[in-house]
Amino acid sequence: MDKANNSNNNSGRVKLKTLPHSQDLKWPMLWWIAMEKLYRTLPWKKTAWTCAAFPIEMMWIYDIFPDHPENMATVAAARKQSQRLIEHAEGMGFSRDLCSYCKTNIGAYDTKIKKTLGGISKPDIVVCTNAICDTHWKWFQIMADKMNVPFFMFDIPKWVSGTDEKTLEGNIDYVVNQFYDLMVFIEKHTGKKMSEKRLYKVLGKSMELSDLWREIFEHRKSVPSPYSGAETSAAFFPLVVLPGVQVGIDFFRKVLADIKNLTAKGEGTMPKGMEKFRVMWEGIPFWYRMRFMYDLAQYGAVIAFEPYTYSFAPPKKKCSTMEETLRDVAKLIMDTPYAYNLERRIENFEKWVDEYKIDGVILHENMSCRPSSAGMVDLAEAIRKDKGIPVLILQCDMNDPRAYSEGQIKTRIEGFIELMEANKK
Amino acid sequence: MKKIAYFDTSHEMPLEIIMAAGFTPYKIMGDVHKSNDPADKYLSSFFCPAARSWLTEALAHSKEWEGIVFAQGCNNTNRHYDIWKVHVETPFLHWFSCPILDSDAAKKYYKVELQRLISSLEKKFDVKITPEKIREAIGKSNEIKKKLQQLSALRSQKDIPNRDYLAAIIKSLTAPVHEILSWLDSEIKAWNARPAFPSGKKRFLLTGSDITYIEWMDTLEDCGIRIVRDDLAVGERFFATWIPDGNDPLDSLIEYYTNIPKPATRPTIQKRLDFLYKAIGETKVDGILSQNIKFCEPYAYDSVPVNNALKARGYKVIHLERDFSPADDQQLTNRLMAFVEMMDGGNNG
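Each protein sequence line maps, in turn, to chains A and B. When we follow the numbering used here, the leftmost residue of the first sequence carries the number 1, and every step to the right adds one. When we follow the numbering used here, the leftmost residue of the second sequence carries the number 1, and every step to the right adds one.
Don't take each hint at face value.
Only pairs whose alpha carbons sit at most 20 Å apart, straight line, appear in this in silico DMTMM-like list of lysine to aspartate or glutamate [stated by the list, open to error]:
{"no.": "1", "chain 1": "B", "residue 1": "K107", "chain 2": "A", "residue 2": "D181"}
{"no.": "2", "chain 1": "B", "residue 1": "K108", "chain 2": "A", "residue 2": "D181"}
{"no.": "3", "chain 1": "B", "residue 1": "K85", "chain 2": "A", "residue 2": "E347"}
{"no.": "4", "chain 1": "B", "residue 1": "K111", "chain 2": "A", "residue 2": "E347"}
{"no.": "5", "chain 1": "A", "residue 1": "K166", "chain 2": "B", "residue 2": "D218"}
{"no.": "6", "chain 1": "B", "residue 1": "K294", "chain 2": "A", "residue 2": "E87"}
Hints are computed from structural coordinates only; laboratory data are not their basis.
Whenever a hint applies, use it, and build me the whole structure from the sequences.
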């Protein structure tokens, strides 16, 4: 039985209602593109490659443009370019089993693909962390060597299950010490100096951006859901590269106003009365097939919460000294929900299941992200047992369309929908 | 002597601390002959098969060990610690967060982590790990390293099958220290008495993921390949350098562990290359065999720039990806044989 509403007939498809200001996302995007042009034109401006879990604010503090290979890899996937770029990188010798973001970037740089299709230019410096994966630093180091660009990496200790406070403080000390190494590195390779005044200004704006996103998430707890993962997966862009600048704040304020307006009227992103299942999605989306998120609507399912975009907006503290600030940032790097250890993952996922009134959880077991996929079996088991809801582990890939099997995924999703349906009876 | 087992994707675990606590350090290496089904209940098949085999071993044998220490290694397996914490029965499980950098900040942090490991062991097992005991352990460790260096050097001079070398390393990483020392003495004597390097074999440097089962070494043997140098952790990286003598034994350990030849899980690629260049500068080789076990990301990443750099210097390099299996892989054998045959026709650096 085809559980989707008219799934083979577009005329009757359920459409998710987007927020009135969703199109305003173009402004932060255009601002970012314009800034890159400006920073590449003016000789005293500098550019860097950065990655997820790197404190991007540091780049804005130093007046360095933070280019973002992962972000550009998602652009390539959305523009249906990632497969050919990945295959190009595999042609250079990189294994099929390696991260598809990395290979998309390597392919994009090597083929000099246009920016609008996910292309990326050579930066002045390359900076990264190993907070999420080894891939980040292996990939960035390989590219820094290839481009002959100075390379810096933060070594972020792992916050494993059972880490006590004393150990955590030692870990923070280590990261803070590396901030001073980063300052030396930046000064040496760009001539730019730390400005404490600018530090507080940028971090203040970053905090405001995070707070707004978290407030948006508070409203996502409403039933029906006013804002689905289908929209947030694009809308969180300012958190990726613009923490610390005003343009993202302006956009999030509009989004928040739209959501407040919707929830006040008791409306949601699904047509009235159509929201049947509230789903939590864990992991990176299938960027080459964002339609997947909209397809869920055909079954009455909406992604009401996803830890991935939430990860980018941790609660930030207002600090009054440099040392206090660096300690706070160091802790936040280690504390990203995307890299939670198993114990904290279970604890938080179960809390979110309650808060967001979740009917089922989809865990994307991402073949390009082994660290995030480790422990998913135990996570699924704990949620099933403690919360009594279905959990689907879906093995696929975030940027490599070759891993996506339409028929198999549809079958598994339909089975999952049936389980949620039965569970609600 | 009782064992403390350790999970280590390279040579990061400061064994001397375990020895100073009165235990035999036992490197968990899994068993390629056993099915990974027990571990596969918790980990998907796209995770490193060697690491899954280690979990299988721990699920079956953890009660034979007094405890387990995880040394931070590759990030794909770091999170396995959480899974082990849930499923492996052990009275002592410790996360040793060795830094991956070798900066001053990293060395400072290394000391904090060493002291935390010492304190955990002391508390759990009611022992005192004194500087004298650590110095004594360092002495024994260095003795093992020196003897392994002697054995290793014989590979390019004598008829030493690949499997004999691997067996010696594996024993050195798993057996009680006093047994290892006397056994290595007898092996050095025996290896010295062996015939000269066989004329029909090619001398190779082996690089990439660790090899932990002799069947794969036999495959190389069957293809006419003799490994005379390597940069594996179950290999030369374990004994390439000695632990320096210093006033503070912890400082000596920090100096040693942050300066040993780099694996792919530690920056930088250039430092890895420097060791490879040094090895092939010291020992003439016919070719270089680069391999990575399926799903081993760090070595798969490195293989491209490392092999390109070696080829640029004129070395003959073959790269292949292997499964974690003792079974014959005829496709792989064919490739290796063809490479060896081709070698007779050309220049080699």
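TODO: Any hints from earlier that this structure breaks? Give me their numbers in increasing order, please.
DONE: 4 and 5
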